[in-house]
Amino acid sequence: MQIYLPIADMPVNIFLVFGMGIAVGFISGMFGIGGGFLMTPLLIFIGISPAVAVASVASHIAASSFTGAISYWRRRAVDIALAMMLLAAGIVGTAAGVALFTELRALDQLDLVIGISYVLLLTIVGALMVNESLHAIARARHGKSPMLRRPGSHTWLHGLPLKVRFKRSKIYVSAIPVWAIGFIIGFAGAILGIGGGFLLVPMLIYFLRVPTTTVIGTSMVLTLITMASATVMHAVTNHLVDAVLALILMIGGVIGAQLGVRTGQKIRSERLRLMLGLLVLAVGLRFTYELVVTPDDLFSIRRVENGL
Amino acid sequence: MKWIAAILVALACCAPAAAQERLVISLSNQRVAITSNFAGEHLVLFGTVQRGAGAPPRDRGYDIVVTVTGPKQTLRTRRKTRVLGVWVNVDSRDFVGVPGYLAVLSNRPVNEIADREILRRLQIGLDNFILRQHIGPDFADTVPDDPFRVAFVRLESERGLYAQDADAVTFLTPDVFRASIPLPSNVPTGDYNVDVKLFADGKMAAHTNTGLDVIKVGFEQYVADAARDYGLLYGTATMLMALMTGWIASVLFRRD
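Protein chains in written order, with the numbering used here: chain C, 1 to 308; chain G, 1 to 256.
Calculated from the structure, these hints are not laboratory results. It is possible that part of the hints are untrue.
Unchecked claim - Okay, the calculated beta carbon distance ranges per label pair: (1) C:Val164 to G:Val96: 52 to 62 Å; (2) C:Phe207 to G:Pro147: 46 to 56 Å; (3) G:Asp146 to C:Leu120: 34 to 44 Å; (4) G:Leu232 to C:Lys266: 36 to 46 Å; (5) C:Thr237 to G:Ile130: 26 to 36 Å; (6) G:Leu232 to C:Leu120: 28 to 38 Å; (7) C:Asn13 to G:Arg79: 25 to 35 Å; (8) C:Val236 to G:Pro71: 36 to 46 Å; (9) G:Asn29 to C:Lys266: 50 to 60 Å.
Said to hold, decoys possible - In the DMTMM-like style, the derived pairs of lysine to aspartate or glutamate whose C-alpha atoms are separated by at most 20 Å in a straight line are: (10) G:Lys80 to C:Asp297; (11) G:Lys80 to C:Asp296; (12) G:Lys216 to G:Asp191; (13) G:Lys72 to G:Asp141; (14) G:Lys203 to G:Asp127; (15) G:Lys80 to G:Glu158; (16) G:Lys203 to G:Asp141; (17) G:Lys72 to G:Asp167; (18) G:Lys80 to C:Glu290.
Unchecked claim - Listed below are several chain C residues computed to face chain G (Cβ distance under 10 Å; list not exhaustive): (19) Ser59; (20) His60; (21) His142; (22) Ile255.
These figures come from a predicted structure and were not determined experimentally. Don't be surprised by glycine CBs; every beta carbon is placed ideally from N, CA and C.
Kindly produce the complete structure, drawing on both the sequences and the hints.
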């Protein structure tokens, strides 16, 4: 069944888009990531222009992270204090990222910088997560504790001043690394156009030693706030949010997210980390392949919007 | 008395032209409405050749070329090049004010209808249609085999937006013809021009044109207008829709 999208100016198969919403929503709910790094390429693949895809995906992520956040909130698995501190740092990072973005665009090297940093980020983060979680699983096999938070496992990060206690996460850490992580997420988000959930989750686990249970819910609250505001900002500046596309995606997304949250809570945390690591690594390798292998068609057309 | 002479001269020069062939055309639909189930449409153009008293005998029959052009757009064609081992878009050319839809429909291949010089002058055929490029400080069309122009026409053809079809016009009688205009589902909205040229013995004998609107209607129109004119309200509404959907799902799925 085809439905015409009023902003994307093309018809799409309603069931295909709905299915994509469910699939990405499921992954989103399970791992606490937005899933924009999966959904945006999928939409571009079915022929929607990149600008409309990026703008409309934001509202889909807002919907699925909101439903996920409610579920985690009920399970008391959201650390709102941590989320707010990360958000404040993220806003500063976004401003810095937007400034660099403008600078790079003036130098005409944006495609190269975005392409390479995207690939490096995904591949490195994915490989590190796979490596760590495999070790954790191996430790569990040998009857040792698979938990990361072992006595005496504090790193130099825990020796920094300005300590803050995050009650829900049961951690007592310096505010400096928290601000640094928030800044990096906001910065990467502005440059690469990603929500940054797949970066945030591993950073919180590995650097701050936040328990996996509160990481996902906290990441979802952060994703919700950034993506809800991104929806409004895209609509105001570019007028490219396709509400019909967004609605189909978000209905699929929230169903998928609900199922994903349930599934995620049943899986042991080191397995969950391994799966997320494999997913991030796979997407990273996929992009690497695209960048390195000679493309079928060297040419592409893009509509120039308002003289940009 | 000079003006009477001028009128006589004018009549003398133009009277034979008026007495030659004249084209009368009619489009099946002058307004294509894009609704939520729009999946492309075929328009039909009917036309007849009215022969004036002064029309010479046309033993070899007539030829018709219909050129349909859509609203003007600026489209950037980019080419990937290998830089530091990775493929990235490096070169690009802007095609400025080119039609978002371009169909050249005829009853036989255009290069059989008239010679190259005439086709080029009348901009008939995808190779001869002027596609202005922004090259440095200048605006110009290039040779038809320019790599960017070739790629541009090829990509637009793959999307169904540019087409050249030598079978799309059929003569029902020697003087009555019918042309089928294919509008794919991704046609840009706006004003279209349908230009019809009549050829006889390798020369243009008459031409006429008509307009065509492709517009969004109803809900599609409403959404597109709201997105353009009320960005903040539209964005806030979309965001609230996202929150509502998320909340409803969490209520429906609540088991505990």
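Hint-by-hint comparison with the structure:
Checked against the hint of 52 to 62 Å, the C-beta distance between Val164 (chain C) and Val96 (chain G) comes to roughly 56 Å, which is consistent with it. Under the hint 46 to 56 Å, the C-beta atoms of Phe207 (chain C) and Pro147 (chain G), about 49 Å apart, fit the expected range. As the Cβ distance of Asp146 (chain G) to Leu120 (chain C) is approximately 36 Å, the hint placing it in 34 to 44 Å holds. Range check, Leu232 (chain G) to Lys266 (chain C): Cβ separation about 42 Å, and the 36 to 46 Å hint holds.
Checking the proposed 26 to 36 Å range against Thr237 (chain C) and Ile130 (chain G) shows it holds: the Cβ atoms sit about 34 Å from each other. A hinted range of 28 to 38 Å holds for the C-beta pair Leu232 (chain G) and Leu120 (chain C), which are about 37 Å apart. Range check, Asn13 (chain C) to Arg79 (chain G): Cβ separation about 31 Å, and the 25 to 35 Å hint holds. Between Val236 (chain C) and Pro71 (chain G) the beta carbons are some 25 Å apart, a value that contradicts the proposed interval 36 to 46 Å.
The hinted range of 50 to 60 Å is satisfied by Asn29 (chain G) and Lys266 (chain C), whose Cβ atoms lie roughly 57 Å apart. This hinted pair checks out: Lys80 (chain G) and Asp297 (chain C) have alpha carbons roughly 9 Å apart, not beyond 20 Å. For the hint pairing Lys80 (chain G) with Asp296 (chain C), the CA-to-CA distance comes to about 11 Å; that is within 20 Å, so the pair holds. A C-alpha spacing of about 12 Å is found between Lys216 (chain G) and Asp191 (chain G), which places the hinted pair at or below 20 Å, so the restraint holds.
Of the pairs offered as hints, the one joining Lys72 (chain G) and Asp141 (chain G) holds, with about 15 Å between alpha carbons and a cut-off of 20 Å not exceeded. Proximity of Lys203 (chain G) to Asp127 (chain G) is assessed by CA-CA distance (about 19 Å); at most 20 Å being required, the pair is judged to hold. Taking the CA atoms of Lys80 (chain G) and Glu158 (chain G), the gap is near 19 Å; set against the 20 Å cutoff, the hint holds. Between Lys203 (chain G) and Asp141 (chain G) the alpha-carbon distance is near 25 Å, which puts this suggested pair outside the 20 Å criterion.
Pair hint Lys72 (chain G) plus Asp167 (chain G) does not hold up; C-alpha atoms about 26 Å apart against a cutoff of 20 Å. A threshold of 20 Å between alpha carbons decides the hint, and for Lys80 (chain G) with Glu290 (chain C) the separation of about 12 Å falls inside it, so the pair holds. The beta carbon of Ser59 (chain C) is positioned within 10 Å of a beta carbon in chain G (closest approach about 5 Å), and the interface hint is therefore held. Taking 10 Å as the C-beta cut-off, the interface hint given for His60 (chain C) holds, the closest approach to chain G being about 7 Å.
Interface hint status for His142 (chain C): violated, as the beta-carbon distance to the closest one in chain G is roughly 35 Å, over 10 Å. Given the 10 Å rule on beta carbons, the hint for Ile255 (chain C) holds: about 6 Å separates it from the nearest Cβ of chain G.
The structure fails to meet hints 8, 16, 17 and 21 from the earlier list, while all remaining hints are met.
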